[in-house]
Amino acid sequence: MFGDAATTQGEFIDEAFTLLMVMAIPIFTFVVTMIGYVVFKFRAKSGDLEDAAPIRTHTNWVGFWFAWTTILCLVVIVHPGYTGLIELRQTKADEPDLTVNVTGRRWQWIYEYDGRGVSLFSKDEMLILPNDSLIRFNVTSEDQDVVHSFWIPAFRMKIDAVPGLMTYYDVITTETGHFNDDVNFRVQCAELCGRDHSLMFTRIEVVEPAEFEQWIADKAG
Amino acid sequence: MPLVRGAIYAAIGFVIGAGISLGITNMTGEDAQEPLIVLGYVFAVIGWLMGVGMWKAWGRNWFGKSTDLNPSGGWERYLRFNIDHKVIGIQYITSLVVVFLLAGILAMLMRAELADSGQNVFTKTTYNTTMSLHGIMMVAVAVATVMGGFSNFVLPLMIGAEDVAFPRINALSFWVIPPVVVLLLLSPLFGGFDTGWTAYPPLSTQTPVGGLLFELAFLTFGISSILGGMNFIATIITQRAPGMTWGRLPIFVWSVLAASIISLTATQWVAYGLLMIIFERIFNMVFFSPPGGNALLYQHVFWFYSHPAVYIMILPAFGAELEIISHFSRKPLFAYRWVVRAFALIVALSFVVWAHHLFTSGMGESLHGPFMILTELISIPTGIVFLSALGTLWRSKLRLKVPLLFALGVVFNFTIGGLTGIFLADVATDIALQDTYFVVAHFHYTIMGGEIFAIFAAGYYWFPKITGRMYNETLGRIHFGLMFILYNITFLAMFIPGTVGMNRRVAEYPPEFESMNLIVSIAAFGLGLSFLPWIYNMLNSWIRGKKAPDNPWDATTLEWQTTSPPPLENFDEFPVVTGDPYGYGDETVTHARFGKPAHSAPAEGD
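Protein chains in written order, with the numbering used here: chain A, 2 to 222; chain B, 93 to 698.
Looking at chain A on its own, in the form it has when it is part of the complex (with noise of 0.2 angstroms):
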C-alpha cells in the first residue's frame, strides 16, 4: 500500500497486499490478452454465416485449469493468509509496553492510557504513543451509543467499537510519526455511525519512549 507502515503488523499486510498484486497482475494480462486475441482472431468476418467447429470440452484443459485455480488458492490460503493470522496474533500472550482504553462515543473517541493516569477526553487532543512499543488498544463503545471502528490508517489496523462488547488489538510500533506530516497517523472512525461519522478522529503522534515518558508524567502531574 502507499505511504510508510509504522507497526511491523502493517509491514506485514504491506507485504501481502503487494505479494497478492503480484498474482494478480499476470492472471489479469492473461484473461486481457485471451479477449483480445479471440476478438482480434477469431472474428467472423462479414457475411461468414457458418458456425464454428463444435468443441464442448476438453478434458485435459479442464483438469489443468482446475489444477492451477485450486493451486494458487491454496497458496494463497497458506500465505498471506495462514501467516497473517499467526502474525496478528503472535502478541497476545505478551504483556504490552503500554495499553490504552479506548471508548467510542458520538463522534469523539475518549482514550484512557491504562494505569498511567491519563485520560483524554477531549476531541482537539492528540493521542501521544511511543515508538518501538508493543501497545494493547482496549475498545469498547458507551452502551447508549452505536458501534464505532477503531481505525489508524498508518498502523494499518482496525477493530470495531461495539456497545457491551470489549474488542483489542495489538501494534508493534516502528516509526516515529505525526498528523501533520502525514495525514495516515489518525485515528479515524470506519464504521457509519451517523451525523459526523467522516470528523469522527483524533490526530496521532508516535514519539520515541523518552519523550513519550516525559510527555506522560507531565500530563499525569
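Everything labelled a hint here was simulated from the structure, so no lab data went into it.
The beta carbon of each residue, even a glycine, is placed where N, CA and C say it ideally should be.
No incorrect hints appear here.
Label pairs and their calculated CB-CB ranges:
hint	chain 1	residue 1	chain 2	residue 2	range
1	B	A103	A	R44	55 to 61 angstroms
2	A	Y83	B	P383	35 to 41 angstroms
3	B	L631	A	R90	57 to 63 angstroms
Based on the hints, put chain B in the right spot on chain A.
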C-alpha cells in the same frame, strides 16, 4: 384506471391500519407514531394490491366468486395486476430502469460532494441519506432486473412453457415493488436514514422515521424476492417442455435456478433481521441494542443473507454472459456440465462465507481462518465460469454485436472484481482495507462491472424479442465504448483513495485525497452521460425501430423459435425438445422441433 384505484385503496388501507394502531397505542400508552406507520403501511399495501387488480384476478376466488384474469389487451395491460409473465417481465424491467436512473442521479450528486474534501453540496445528514438510498436502490436493481425482469420474460420461453408455475404469485411479486419505491422516495422527507443499506443496529433503531420507512421497504422487497425465487424453482422443475431434460437446459436457466435457491432461502434471514429491528422500534423489544441485546447478532443475520445475495446478482449475470458468448461465438458452450457443477458449488459456498464481512467486527478470532479459507475457495468454481467463457471464445466465429461486447465487458470487469476480492478475503489485508474505498471500488467491479454490464448485455440481446423491434447497432456500440472506458477509469481510480487511507461513507475527507477524488468524480460524470445514447436508443427503437425478425441472432434456444414479441401463451406450435441447446456446427443436434398446435397436448415436464 387500476393505478388510481390502487392509490385510493392504499389511502383507505392506511387510514384503517393507522386507526387500529391508534386504538391500541391509546390503550397501552406507548408512543403512537411508529406503530401507526407500520400498521398503516401493511393495510395500505393490501389496499394497493387489491386496487391494482389482485382482487379481480385472485381475491374474488377466496370468496367463491368468479375471477377475471384477462391477461391480454393494449398498453393498459402493463398498468394493472397481470398474470402474463411477459407483461410482468416488462413491468419489472421498466420500473427498475427508472430506479436505476434515479439511483444514478444520486451517485452523481455524491460525486459532486466528493469532488473536493469539504462540505458543499449536502449537509452531513443528507449526504448519508443519499449514499444509503443510492445503495439500497442499486441493490434492488441488481437483484431484480435480471431475476425479476429478464428471466421472467425469457425463462418460460427458454424452457418451452406457457407461463411460470404460479402466475398470480408472479404478479404479486411485482406489485409489491411500487410500494418499496414509494417508501424509499418518501424516506428523505421524514428525516432520511444515515445507516447505509446495511442498517446496523443500534444506529438503525435510532434513526428518524425515514429509517423506519427504509426498513419496511427492504422487508417488502425481501418478500418479493422470496416469492420470485420460489416461483422460478417451481417453474423450472415442473414447466419444462417435453424432452427438456436437465442436461438440455440453457445455461441461463441453470443460473436462474441457482440464484432462485439462494433467493428463496437466504432472503428470509434478512427479513427476520429487519422485522426484529422494526419490533425493537415499535414494541420496545430488545434484540440487538445493548444492554440486553447483541449488536453483532444482527451483522451475522444480515450478512447471512447479504453475502449470498451478491450471488443472486452475479449468477444470472454469469448465465446471461455465457449464453450470449455461446450464441455469438457460433459454438457450443465450453464445459457446460462443469459450469453447472460450478454454479452448484457457488450456491453451497455462498452460505458459508458471510463472516468475511466481519473480520474487523470483533467476532471470535477463531472464525477468521475458516471464513477466509471458505471465501478463497469460491475462486475455484468462479474460475470454471471464466474457463467456459474463454474456452467458448477460442476458435469461435465471433459476431461482434453489442450484446457480445457487453458480455466480454463482464469477463473483463469481473476479472478485476474477482481478483480484488482476494485482497478482502485475506484477513490481514482486509483488516487494513475493510471500510475503505478499496471495498467500494471492489464491489462496484463485481456488481456494476458484472451484474449491471450483464443487464445491458441481456437488454440488447433480448430487446428484439421483447419489443419486436431492432435497436440501433451504432448507438449501441457508442454506448458500450463510452460506458466501458469511463466505467473503468472511474472505478480503477477509486481503488487509490482506498489504499492511501480514505474510508467510505464520508462526505468530508482529508484534503490530501482531493486530487484522486476529483479524477473519480470527473470520470463518474462522464459515465453518467454515457447512458444518454442508450436511453435515446431504447426509446427511439422501441417506438420507431425497424421490425425485428423472429430470430435476428440465428440462435438455437427456444425463445427465438417463436414470434417477436411472442403470442399470449408463447408458442403457436408446441415445442418438443430433442437435443441440447448449443448445437452450433453439429448437424446431428437439433434443439427442438415444433409439432402439434399448442393446447391440443397437455403441457408435461419429464
